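Take the two lone chains and join them into the complex the hints point to.
Respectively, the protein sequence lines represent chains R and A. Reading the first sequence from the start, the letters are residues 9 to 435 in the working numbering. Reading the second sequence from the start, the letters are residues 91 to 366 in the working numbering.
Just so you know, the hints here were simulated from the structure itself, not pulled from any lab data. All values derive from a computational prediction rather than experimental measurement. Glycine included, every Cβ here is placed at the ideal spot set by N, Cα and C. Please note that the accuracy of each hint is not assured.
[As the list claims (entries may be wrong)] Derived DEER-like restraints, expressed as beta-carbon distance ranges: (1) A/Ile148 x R/Gln141: 52 to 58 Å; (2) R/Ser109 x A/Thr108: 17 to 23 Å; (3) R/Phe21 x A/Trp106: 45 to 51 Å; (4) A/Arg155 x R/Phe21: 51 to 57 Å.
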Amino acid sequence: MAQLRVEKLYKIFGPNPQRAMKLANEGKSKEEILDKTGCTLAINDASFGVEKGETFVVMGLSGSGKSTVLRCLNRLWDPTSGDIYLEDVNVAKADSETLRSLRRKKMSMVFQHFGLLPHRTVVDNVAFGLEIQNEPPAKRKEKAYETIKLVGLEGYGDMMTGELSGGMQQRVGLARALCTDPEILLMDEAFSALDPLIRTNMQDELIDLQEKVQKTIIFITHDLDEALKLGDRIAIMKDGAIVQIGTPEEILTDPADDYVASFVQNVDRSKVITASTLMFDHPQRVVSPREGVKVAIRRMRKMGISSLCVTDGKKQFKGFVHIDDAVKLEKKNEDHTLEPIVQSEVSTTSPDTPVVDLLPLVMSSNMPIAVIDDSHRLLGIVMRSSVIAEITGEESGIPVPAQEGETGAAGEDRKSGDQTVEGSTND
Amino acid sequence: MIDLNIGDYIEAFIDWLTANFDPLFDLISAVATFLIDAFEAGLLFIPAWIIIIVVSGIAWWIAGRGVGIFSLVGLFLVDSMGLWAEGMATLALVISSTLVALIIGIPVGIWVSRSALADKIVRPILDFMQTMPAFVYLIPAVFFFSLGKVPGMVATVIFAMPPAVRLTSLGIRQVQKEVVEAAHSFGATPKQVLFKVQLPLALPTILAGINQTIMLALSMVVIAAMIGAGGLGQTVLKGLTQLKTGLGFEGGFAIVILAIILDRITQALGSANNKS
Numbered sequence: 009m010a011q012l013r014v015e016k017l018y019k020i021f022g023p024n025p026q027r028a029m030k031l032a033n034e035g036k037s038k039e040e041i042l043d044k045t046g047c048t049l050a051i052n053d054a055s056f057g058v059e060k061g062e063t064f065v066v067m068g069l070s071g072s073g074k075s076t077v078l079r080c081l082n083r084l085w086d087p088t089s090g091d092i093y094l095e096d097v098n099v100a101k102a103d104s105e106t107l108r109s110l111r112r113k114k115m116s117m118v119f120q121h122f123g124l125l126p127h128r129t130v131v132d133n134v135a136f137g138l139e140i141q142n143e144p145p146a147k148r149k150e151k152a153y154e155t156i157k158l159v160g161l162e163g164y165g166d167m168m169t170g171e172l173s174g175g176m177q178q179r180v181g182l183a184r185a186l187c188t189d190p191e192i193l194l195m196d197e198a199f200s201a202l203d204p205l206i207r208t209n210m211q212d213e214l215i216d217l218q219e220k221v222q223k224t225i226i227f228i229t230h231d232l233d234e235a236l237k238l239g240d241r242i243a244i245m246k247d248g249a250i251v252q253i254g255t256p257e258e259i260l261t262d263p264a265d266d267y268v269a270s271f272v273q274n275v276d277r278s279k280v281i282t283a284s285t286l287m288f289d290h291p292q293r294v295v296s297p298r299e300g301v302k303v304a305i306r307r308m309r310k311m312g313i314s315s316l317c318v319t320d321g322k323k324q325f326k327g328f329v330h331i332d333d334a335v336k337l338e339k340k341n342e343d344h345t346l347e348p349i350v351q352s353e354v355s356t357t358s359p360d361t362p363v364v365d366l367l368p369l370v371m372s373s374n375m376p377i378a379v380i381d382d383s384h385r386l387l388g389i390v391m392r393s394s395v396i397a398e399i400t401g402e403e404s405g406i407p408v409p410a411q412e413g414e415t416g417a418a419g420e421d422r423k424s425g426d427q428t429v430e431g432s433t434n435d
Numbered sequence: 091m092i093d094l095n096i097g098d099y100i101e102a103f104i105d106w107l108t109a110n111f112d113p114l115f116d117l118i119s120a121v122a123t124f125l126i127d128a129f130e131a132g133l134l135f136i137p138a139w140i141i142i143i144v145v146s147g148i149a150w151w152i153a154g155r156g157v158g159i160f161s162l163v164g165l166f167l168v169d170s171m172g173l174w175a176e177g178m179a180t181l182a183l184v185i186s187s188t189l190v191a192l193i194i195g196i197p198v199g200i201w202v203s204r205s206a207l208a209d210k211i212v213r214p215i216l217d218f219m220q221t222m223p224a225f226v227y228l229i230p231a232v233f234f235f236s237l238g239k240v241p242g243m244v245a246t247v248i249f250a251m252p253p254a255v256r257l258t259s260l261g262i263r264q265v266q267k268e269v270v271e272a273a274h275s276f277g278a279t280p281k282q283v284l285f286k287v288q289l290p291l292a293l294p295t296i297l298a299g300i301n302q303t304i305m306l307a308l309s310m311v312v313i314a315a316m317i318g319a320g321g322l323g324q325t326v327l328k329g330l331t332q333l334k335t336g337l338g339f340e341g342g343f344a345i346v347i348l349a350i351i352l353d354r355i356t357q358a359l360g361s362a363n364n365k366s
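With the rest of the complex left out, here is chain A (with noise of 0.2 Å):
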């Protein structure tokens, strides 16, 4: 057999691109520090009842009664429990990764959608996002951006982006052929096809990719906290190290209220538009 040591390689390369690419990973840095921090500032500057009331209207308004008082109840006990600074924290992480998983994802799904090749190049791309243990990212972003919230971003980002634009790109092939047909038969450009034709008919289906977006974010929350991203990811990797079974499954609770809230919210936006 052949002795292959792909690891040193890759270490190699990784050290390569810290060495020459750090101005790079620097902007890259600020930008994402820049983000999390003024969504988290807003978020604790805000007092937690208007947030409670403002996200549970907002959830009723969108996807019923039902969720608008699992709202309300929910984000009470997790301000009961003292982790709504930590709850902010994190929301403010998923929210800024969320945003750039779908700042590069979509218009990578639509490119993906209109070229075979592209297709061809991406989708491998993906499976290796997709399918790589969560964990292993988390080494290099470790040597590009040190510990904190912004190898947790990274890491987030590359996790949660895939359903972006794996959905992206379906929703706009399954747009009926006929419908483009007759869009590019009245003699409208490129452009106006996908933005008149194209995108408002995905549009579910982009929805249910952010939908999907949302929620590897924030399953990721707990992961990049191992890396110094703090939130409520802290607390449970603090219940897990110390032992303390009982802040472990606070922490747990308090992420899966708001998982349920944000799945809901963006569900519903998605079927919500299905119907029209």
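With the rest of the complex left out, here is chain R (with noise of 0.2 Å):
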């Protein structure tokens, strides 16, 4: 079960939020409501599960109530109705003290223009969190210091915050928020105040980091780059409701609506498609040694394919074999087996890899990509149109020329190559 299920959330700001949940009730629209009660409905009818250990990404524009969920999550704000379960308990429900023993033990807070005490050192900071908690001074200090070296300030510990770069001051938040060892980091907007290039450096620490504290993390931003490049899942906002939830691939691939196919359409897909989506899941193939050289052929002719794969008894993956090499070896009529022509220096690729990746393989070879798992098994082969296709933003499936000059064009500004090529040979 999920860590943190939230159901049916509504936070209604202004006069009479009864009346206007009532009016929600009913299904009324954000506009009606704010005609007839003079309400803004921030929070329409929100659901959904965190699991433990998720990066869960929600993402809006400004004034989709995105900030709010958040807020209501740990009750800075406390929602109109609905419930939220951490574990076991009812936060929305939560009297004063539970509440604050959830916010001491359970969850804590990162924020967007950092909200850090001015007039304390780092390490104070840091320490603040347990400070509240009345941990005697040495102790907190202790794990203060140790949370700092964890985010990269070591040696920082006893400046004044307000002595740092924006990014630094944003570790002291990331820091202050672990300092107390929660199970749940929620951070709002926490990189969207620094400059770019910081907060793609922070955003890269935060994936490295995450791998070390494996916290449940709830990340809310505005910009979808990010929300791709953290989120587990993503939950998209508009108007105070959840449009869609799903993985970064799910939302490019399969946008529940027009408005999340609007925000999705200017994202550069190569970084975030990989070859999973675009590989055919049971590829002709042959086995070898069982299967010779005659059935080969007569697959491909079947098929109107000019290669196949080759693997073994238990699927692990050999090699391909080209139409002309296997009637070659027909012709010649001595031995039957593959093993001949089998060409096994061919690119394989992991099924995660994205298609920006992919593109350097296929422009070295002219045989289609093999998707293998970590133990060498065949899950599917990536054809070379198909790339190309997604890259250049064709629908797929569409046969695309062998010889490619400028095909590279949407994936400009990306390094090529850093994947190797084991044996590219062509022929």
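Set out below in structure tokens:
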């Protein structure tokens, strides 16, 4: 079961939330409710679950209610209606004592503008959460210095926070949130106030950090690229309602409505779409050495294809055979096993490789790319045309000529060739 | 037109208060007298030169060399004009009035900052206290406390308190919302939020309020002299009533000197706090 479950959450701001709530239950729109009651429906029937250790991103434009959702989770704002279960405690109905202990032990928050105490040193800021819990000074400082090290601020502990740059201040904010060792980290546009270079840097560090600390992270952002980069799953909000929840790939490949579609249309899909989306799941194959040349030729002719995967009996990937080689071999009429003509020096890739990294593989060979898992089992193949179609933004499935000089256009600024291409011999 | 004699009602009310709350006024009177006398006795007990050196030292340390030198020369001038005792009496009155104004004003300011209702109630009262001509307080003050230092102090407290309330409230409200939210998000109790976050961050503004309170208290001193509060105000008043221009100016200079020293020191305190 999900660690955090939000069920039918509503938040209404204004003079008469109860009346507005009634209208909302009747299914009236945000505008109608504002017209009739002067109340703003900030969250409209939001439900979602967050798994332990997951990074769950809530994305939306300003005014979509995303920050309101976050503030309801730790009750900085009280929801008008709905339940929020953290394990088996209903946060939405918790009394102030329970709530305080939840905030102290279970969840902590990182703020857009850092929310640091300017009159304190870095270490005293980081130790703030423990200070609130009346931990003895020596103990909380020790833990604070440890956390400062974790976020890469070693040596800055005794500086005042005002002396630090924005990126470093947010590290302090992150350290402060981690210092109480919470289970859930609430991050409210945590990197939005940073300049782009620092922001990217912080995103990478958050991903690294998450590998170490394995917290459940709920991350609010208005930046789709950030959401796609950080999120295991993404919830997209519009006008207080959640429009779609899904993995980055699901959001991109299967947008729930026009709103989401318009959102994602300018995204560089090649960084997000992976080999597993493009591949054919059950490619035609021959099993060597059990099946010989004749079987291979027949199978290719029947399907009208020019090459075939070769695996062994345990589905371990061996290589490809090309029809020309197979026909030549058959004419020699000597040996009927496939061994001599299997091209084993072909490109392989893992299912979660983004398309942009498949491009160099495609460029260097005229064979399809085999998708294999960690134990070298064949999962599927990616056709060269699918990669090119994905990158050029065409519908996939359109045959593309073998010579692709200008197809790199969509992925222009990506570093190519960081993927090692094994044996790119062409023939 | 309707003929409303509001003055009559107020008189009746004041009479009623005097008749029914005498013990309370006696208590206030006793506390105030004790406070002022203690400060005055203390300031007069210490030899003038020690005070001059100590105050100049403090001024130098907190507000820089210029203010230090000014304090040394200024206080020496007050002593050589023969106004030392009056100066110390005024200082005692200012210190005790400020103290009381802050003891009342800062908590009220905190209360006002946290409750919209409190703000609605207190704001017009503060407006009244600040805009009502200072002389007018003197009349009921005399009724309740008769002549002397106590009514002077009471009038001074009323006159000087509003900035302490207003700037405390302002300072707390100006604390960045996210910082307060952050404190709450870590499970701070309201008391912890107040003492660990709001008050420390509001301190520069609160200090500015304290500075204003001191300045207003000092400016009230001359007026309080009219009901026998003594001190430098009385010197000025004597100059005025007896047409002794020189004496009046001497008293005036002494007040200005005290004002500048107090102002510069408290202002420096505020801005030093701002920097960190």
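Checked hints:
1. The hint said 52 to 58 Å for the Cβ distance between A/Ile148 and R/Gln141, and at roughly 39 Å that hint is violated.
2. Distance hint check: the CB atoms of R/Ser109 and A/Thr108 are about 55 Å apart, inconsistent with the given range 17 to 23 Å.
3. Roughly 48 Å separates the CB atoms of R/Phe21 and A/Trp106, a value that falls within the hinted 45 to 51 Å.
4. Remark: the range hint 51 to 57 Å for A/Arg155 to R/Phe21 is upheld by a beta-carbon distance near 55 Å.
In the structure shown, a violation is registered for the earlier hints numbered 1 and 2, in ascending order.
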